[in-house]
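Residue numbers (our numbering), protein chains in the order written: chain C, 1 to 319; chain U, 1 to 295; chain X, 1 to 364.
Because the hints were derived from the structure by calculation, they are not lab data. In this text, a Cβ means the ideal position worked out from N, Cα and C, and glycines have one as well. Mixed in with the good hints there might be a few duds.
Result set (DSS-like, lysine-lysine): computed pairs, CA atoms no more than 27 angstroms apart in a straight line [stated by the list, open to error]:
#  : chain 1 : residue 1 : chain 2 : residue 2
1  : C       : Lys285    : X       : Lys111
2  : X       : Lys182    : C       : Lys285
3  : C       : Lys36     : X       : Lys302
4  : X       : Lys285    : X       : Lys333
5  : C       : Lys285    : X       : Lys232
6  : C       : Lys247    : X       : Lys154
7  : C       : Lys124    : C       : Lys12
8  : C       : Lys19     : X       : Lys154
9  : X       : Lys232    : C       : Lys268
10 : C       : Lys12     : U       : Lys198
11 : C       : Lys247    : X       : Lys232
12 : U       : Lys198    : C       : Lys124
13 : X       : Lys97     : X       : Lys146
14 : X       : Lys302    : X       : Lys81
15 : C       : Lys268    : X       : Lys231
16 : X       : Lys182    : X       : Lys154
17 : C       : Lys268    : X       : Lys146
18 : U       : Lys198    : C       : Lys87
19 : X       : Lys81     : X       : Lys182
20 : X       : Lys302    : C       : Lys197
21 : X       : Lys39     : X       : Lys232
22 : C       : Lys268    : X       : Lys182
23 : C       : Lys12     : C       : Lys34
24 : C       : Lys127    : U       : Lys57
25 : X       : Lys285    : X       : Lys302
26 : C       : Lys19     : C       : Lys247
Covered stretches of chain C (in silico footprint by chain U; criterion: 3 or more residues with CB under 8 angstroms from a CB of chain U, positions within the stretch not fixed) [claimed, not checked]:
#  : region
27 : 76 to 90
28 : 112 to 121
29 : 255 to 264
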Amino acid sequence: MSESLLRADHLKKYFRSGKGNVHAVDDVSFSIEKGKTLGVVGESGCGKSTLGRTVLRLEEPTSGNVYFNGEDISGFGRRRMWEMRQKMQMIFQDPFSSLNPRMTVSEAIEDPLILYRLCPDREKRAKRIAELMDTVGLAQRLTNTYPHELDGGRRQRIGIARALALNPEFIVCDEPVSALDVSIQAQILNLLQDLQKELNLTYMFITHDLSVVYHISDEIMVMYLGQVVEKAPSEILFANPLHPYTKALLSAIPVPSLHNRRTRMIMKGEITSPIDPPAECRFAKRCGQACDRCFREEPHLFEAEPGHFVSCHAVEKGL
Amino acid sequence: MRNENPQLPPGAEKKKSRFGDTWKRLAENKAAMAGLFFLLFLIFMALTADLFFDYQKSCVDLNIASRLQWPSAEHWFGTDEFGRDMFARVVFGSRISLSIGFAAVAFGLFIGGIMGAVSGYFGGAIDNIIMRLCDIFLAVPMMLMAIVIVAALGTSILNLVIALAISCVPIFARIVRSAVLSVRDAEYVEAARAIGGKTGHIIFRYILPNCIGPIIVQTTLRIAATISNIAALSFIGLGVQAPRPEWGALLSGGRNFIRDSSYLATIPGICIMLTILSLNLLGDGLRDALDPRLR
Amino acid sequence: MTEKEKTPPALWIRDLSVEFRGRNSTVYALSGLNLKINKGETLGLVGETGAGKTTAGLSVLGLVASPPGVITGGSISVAGKEIIAPLTGDEAELVRKRWGEKKHRFDPGVKRCVSEEEMMEMRGRHVSMIFQDPMTSLNPVITVEKQISEVISKHTDVSGSEALRRAGDMLELVGIPRSRGKEYPHQFSGGMKQRVVIAMALALSPELLIADEPTTALDVTIQAQVLDMMKKLRDENRTSMLMITHDLGIVADICDRVSVIYAGRVVEHGTLSDVFDHTLHPYTKGLFASLPDLENRETRLKPIRGLMPDPSIRYTGCPFADRCDEASEVCRKEAPPVYHRTEDHMTVCHLYRDKADKKGMRET
Numbered sequence: 001m002s003e004s005l006l007r008a009d010h011l012k013k014y015f016r017s018g019k020g021n022v023h024a025v026d027d028v029s030f031s032i033e034k035g036k037t038l039g040v041v042g043e044s045g046c047g048k049s050t051l052g053r054t055v056l057r058l059e060e061p062t063s064g065n066v067y068f069n070g071e072d073i074s075g076f077g078r079r080r081m082w083e084m085r086q087k088m089q090m091i092f093q094d095p096f097s098s099l100n101p102r103m104t105v106s107e108a109i110e111d112p113l114i115l116y117r118l119c120p121d122r123e124k125r126a127k128r129i130a131e132l133m134d135t136v137g138l139a140q141r142l143t144n145t146y147p148h149e150l151d152g153g154r155r156q157r158i159g160i161a162r163a164l165a166l167n168p169e170f171i172v173c174d175e176p177v178s179a180l181d182v183s184i185q186a187q188i189l190n191l192l193q194d195l196q197k198e199l200n201l202t203y204m205f206i207t208h209d210l211s212v213v214y215h216i217s218d219e220i221m222v223m224y225l226g227q228v229v230e231k232a233p234s235e236i237l238f239a240n241p242l243h244p245y246t247k248a249l250l251s252a253i254p255v256p257s258l259h260n261r262r263t264r265m266i267m268k269g270e271i272t273s274p275i276d277p278p279a280e281c282r283f284a285k286r287c288g289q290a291c292d293r294c295f296r297e298e299p300h301l302f303e304a305e306p307g308h309f310v311s312c313h314a315v316e317k318g319l
Numbered sequence: 001m002r003n004e005n006p007q008l009p010p011g012a013e014k015k016k017s018r019f020g021d022t023w024k025r026l027a028e029n030k031a032a033m034a035g036l037f038f039l040l041f042l043i044f045m046a047l048t049a050d051l052f053f054d055y056q057k058s059c060v061d062l063n064i065a066s067r068l069q070w071p072s073a074e075h076w077f078g079t080d081e082f083g084r085d086m087f088a089r090v091v092f093g094s095r096i097s098l099s100i101g102f103a104a105v106a107f108g109l110f111i112g113g114i115m116g117a118v119s120g121y122f123g124g125a126i127d128n129i130i131m132r133l134c135d136i137f138l139a140v141p142m143m144l145m146a147i148v149i150v151a152a153l154g155t156s157i158l159n160l161v162i163a164l165a166i167s168c169v170p171i172f173a174r175i176v177r178s179a180v181l182s183v184r185d186a187e188y189v190e191a192a193r194a195i196g197g198k199t200g201h202i203i204f205r206y207i208l209p210n211c212i213g214p215i216i217v218q219t220t221l222r223i224a225a226t227i228s229n230i231a232a233l234s235f236i237g238l239g240v241q242a243p244r245p246e247w248g249a250l251l252s253g254g255r256n257f258i259r260d261s262s263y264l265a266t267i268p269g270i271c272i273m274l275t276i277l278s279l280n281l282l283g284d285g286l287r288d289a290l291d292p293r294l295r
Numbered sequence: 001m002t003e004k005e006k007t008p009p010a011l012w013i014r015d016l017s018v019e020f021r022g023r024n025s026t027v028y029a030l031s032g033l034n035l036k037i038n039k040g041e042t043l044g045l046v047g048e049t050g051a052g053k054t055t056a057g058l059s060v061l062g063l064v065a066s067p068p069g070v071i072t073g074g075s076i077s078v079a080g081k082e083i084i085a086p087l088t089g090d091e092a093e094l095v096r097k098r099w100g101e102k103k104h105r106f107d108p109g110v111k112r113c114v115s116e117e118e119m120m121e122m123r124g125r126h127v128s129m130i131f132q133d134p135m136t137s138l139n140p141v142i143t144v145e146k147q148i149s150e151v152i153s154k155h156t157d158v159s160g161s162e163a164l165r166r167a168g169d170m171l172e173l174v175g176i177p178r179s180r181g182k183e184y185p186h187q188f189s190g191g192m193k194q195r196v197v198i199a200m201a202l203a204l205s206p207e208l209l210i211a212d213e214p215t216t217a218l219d220v221t222i223q224a225q226v227l228d229m230m231k232k233l234r235d236e237n238r239t240s241m242l243m244i245t246h247d248l249g250i251v252a253d254i255c256d257r258v259s260v261i262y263a264g265r266v267v268e269h270g271t272l273s274d275v276f277d278h279t280l281h282p283y284t285k286g287l288f289a290s291l292p293d294l295e296n297r298e299t300r301l302k303p304i305r306g307l308m309p310d311p312s313i314r315y316t317g318c319p320f321a322d323r324c325d326e327a328s329e330v331c332r333k334e335a336p337p338v339y340h341r342t343e344d345h346m347t348v349c350h351l352y353r354d355k356a357d358k359k360g361m362r363e364t
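Okay, chain C solo, but in the shape it has when bound:
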């Protein structure tokens, strides 16, 4: 734990809406060791993207702290945060909308270099751009093309090159492959893994795709309506899911094979509203194992086995 590069402490992000506060991220704590990948899975609206943005302070947290290399960055002023941003980058979900349509490939990659005055010399900058394009596997002939002329996979490579331009230590990957075709998705996943090894990068990998998150993460955090319901090393989580939601999620993965098929757990019922939720288990209404206590008391994360955290009354009782 001492080597953790990034640590979030009781992070909360509420959005105000007409009816009350939307608890997008509600009291989330985690830490990521240097060179490792933390996977964040959950369904749409569970707050995983907001969590990623809050960690980078693209959204200001409502409360809680983020520590980077032991420093509390949540109190940083604009200037220091700007400097810090070099070390913490982001890769965006949709390669079709995350690039400025009026910038060529080289201009897009050049932009962060100009912003941080990393290569004031024009020639060196061109060299650095070529180097970055090489790193992410973009052919040099594409230098002066516009994003709309390229396919999704190549665009995502531009996004990765942009993030790498500043030599970051930590990258939040927000669904970087979900808009891509399977064959291209595998290319990008391999690229991300190679880069991690080569540059000793630390990832926070946000996705809704369970098979992808299993493949790429060292540790996985499952989110449901703004809260972490389960957190464990990947193998442990997939071999022995404890939380009923995780179980349902895993059973729902469409397996591309005719053998060892899982029996599906179909969830029933209404999804609890994220607007000022009451103090109860947020999954209780859809849970097959819910008991009285689940509707009276909010469960908290506890260590069910070494390194395996879960937030569920039923599991706690069963142990």
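Since the structure of chain C is provided, determine the placement of chains U and X on it from the hints.
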């Protein structure tokens, strides 16, 4: 994969200057080029008018003997009720119409553009203040406002420009604001913040280039509208003062003779129409040429 | 077997070619597509972006946007009824005389065998389509039950109140309480909207349902619910189904047979166990290898190299040759032959040329 000379990779599309690229694509658009050449021709005529005509003789002196002559080889556009050559008057008139039109719109675009960009990008209270201010301006009829301003400051070309520019400001502020709003929440803007982009950089590199389309179209339309507003103001005597020729003034002057000497009103009218048409064609062409997605 | 031969296939597409003719370029969306769905069966049409999956679905319903889309050849029949048929020699001659070799605005290679009115009658009644995005296929200002009942009353003679009652039945069938029918689409979650769309598509129990990525916009757990429901309804009504998807997991779950489509043509076709356990075509193999392994997370992914094929190129050889590790010279030059491993399982690939069908059969 690695390349010896990273600046000239093999097979790469040659790096074109942004201007050269835009020009090439504009040149492919025949309608836009026609508009551009007509405008250039007008500007050329306006600038060199003194070489061909004598201002005093053709626009001020009266020559009752040759009044109200239909177009002929001697007087291409005929003569007016005081016997002055209409062709010379139209050419001299274009100076005033075009310069006031362009100047007022440029001025209005500058102020309104900044107001709209600030308003759209920051939102919140600033947005509210600026937009309510614009609403107040829009609530007053544009002509009435121009009349008040000119009447208060006195009739002069500069005051006319100010009056017309002010009437453009709220329109541009609204257009730019809505264009900015439509791209402000685009993911690439957030991506720009993630790579450490500062506000000015984001507005000028990411937001404005992506809202240029509606702004250009609105600008050309405004120039056209402004030219006809000058005409209207001249008509009620608050615009350009006689004997200075101006298209609107010529048009309204010819109105009295529409029965027998219809050319007096039609020719300046056609000039205004062609100018507006050219501006619109050029504007549409520019919008398309500036958008790399339409290549 | 005998019964199968008697009843015509629910959908039979032969050699279908569709082009989109733009100002500067032509996109070849489908180039000789063959598909066959037997009555009561579900066929999975698997492929990636731009492979022509959606175009295939739309052409069955006669909904390919035209212009720019033109059907240049092939035939489509639904439950034995011809919708589109190739021109006979004489007709082709007539067309050539009238229009010359000019690029046609209309479909030059085929004739439509049903009028637009008949086609309209067919859509919804006999063939229905579910689109990917449930958010955009519902009218936001009409209540859900009204929308379903409109489909019913448009195609049948039932009274308005009867149609409304049947709409309520349909809602219950897809697991939505009847009482919620009075609500508007925005009051429903994504999964429920997609159920409404399905209810609408199945309201008149069509013989053929074309589902174009029906669960892609949904979350995994909701996707599981919707798929289960579709399976149940299909089995109850003996509906034939064309399931268009990019997800092999969904295919394994719901389909009887699979056609793998690449660059507008089917490269492999067979029953589930044929395609999943006896994979023949290198592209199909590549698709499986690209997926993360759920058993062992250390396995490195083996992506298919290269990019999607350029749809504006007309390939003479095999369109997959540039991305194929086993490609040889011949793959780039000659169109690949058809090989039937079993009666049902076929592939189009040069790897199996020695064993390929003698006469270059195209029948599926």
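**Request:** Any hints from earlier that this structure breaks? Give me their numbers in increasing order, please.
**Result:** Violated: hints 1, 6, 7, 8, 13, 14, 19, 24, 26, 29.
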